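K.L.:
So the protein lines, in turn, are chains A and B. Whatever position you read off the first sequence (first residue = 1), add 8 for my numbering. Whatever position you read off the second sequence (first residue = 1), add 23 for my numbering.
Just to be clear, a hint being listed does not mean it is correct.
What the hints assert, rightly or not - No farther apart than 30 Å at their CA atoms in a straight line, the calculated lysine-lysine pairs in the DSS-like style are these:
hint : chain 1 : residue 1 : chain 2 : residue 2
1    : B       : K72       : A       : K65
2    : B       : K134      : A       : K65
3    : B       : K91       : A       : K17
4    : A       : K65       : B       : K131
5    : A       : K65       : A       : K79
6    : B       : K134      : B       : K92
7    : B       : K92       : A       : K17
8    : B       : K131      : B       : K92
9    : B       : K134      : B       : K81
10   : A       : K17       : B       : K72
These aren't lab readings, by the way, just hints derived from the structure by calculation. For clarity, every value in this text was computed on a predicted model and none was experimentally measured.
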Amino acid sequence: NAGVTQTPKFQVLKTGQSMTLQCAQDMNHNSMYWYRQDPGMGLRLIYYSASEGTTDKGEVPNGYNVSRLNKREFSLRLESAAPSQTSVYFCASSVSENTEAFFGQGTRLTVV
Amino acid sequence: AQSVTQLGSHVSVSEGALVLLRCNYSSSVPPYLFWYVQYPNQGLQLLLKYTSAATLVKGINGFEAEFKKSETSFHLTKPSAHMSDAAEYFCAVSGRYGGSQGNLIFGKGTKLSVKP
């Protein structure tokens, strides 16, 4: 079982460049999430999608956009990368809101 | 709004000793609570969850946690630590129980070291 798949696993960007992080789940989950993880900060929610066709801002949405392409896929876009966006990004999915989330392996992003 | 506090960013135990990782939550309604483990360079894996069925919850790898409403706590324990338990552990609470929107709110994590 693949579960939650994120691509790429590693990425280096220059300040001002754009990129899209891809996420797909094969568990038929309704809800999907993007978190960022920084040392000593735990996981902070960037955006989430409670169900196909809906997206909502989380705790730290500035500088990001998302697209829930279909039930399986939820992408995160950085339009103009900044060094403050250097982080590890995790995509997760759950059957529904407030149930346990299943995580991808993460994308380690460095912005120079 | 719900929140989670994990006491101690680093905990070190000897192999074979008791593991106790502390988590306190704040919630105005009965929450769902979770413990996750993260091994180096990996994603988060669910250890166990509390969803009001039983106050003592058993999880994978010999871990368990007890929900104590009077103390608003959900501490994680394991009777005997193994070297393989060295990882970072996160406590999480459901964002808005029963509401129209929700997600998991995570604590800042506790890094567990196990000494031989």
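K.L.:
Tell me the numbers of any earlier hints that the structure contravenes, in ascending order.
P.N.:
Hints 3 and 7 not satisfied by this model.
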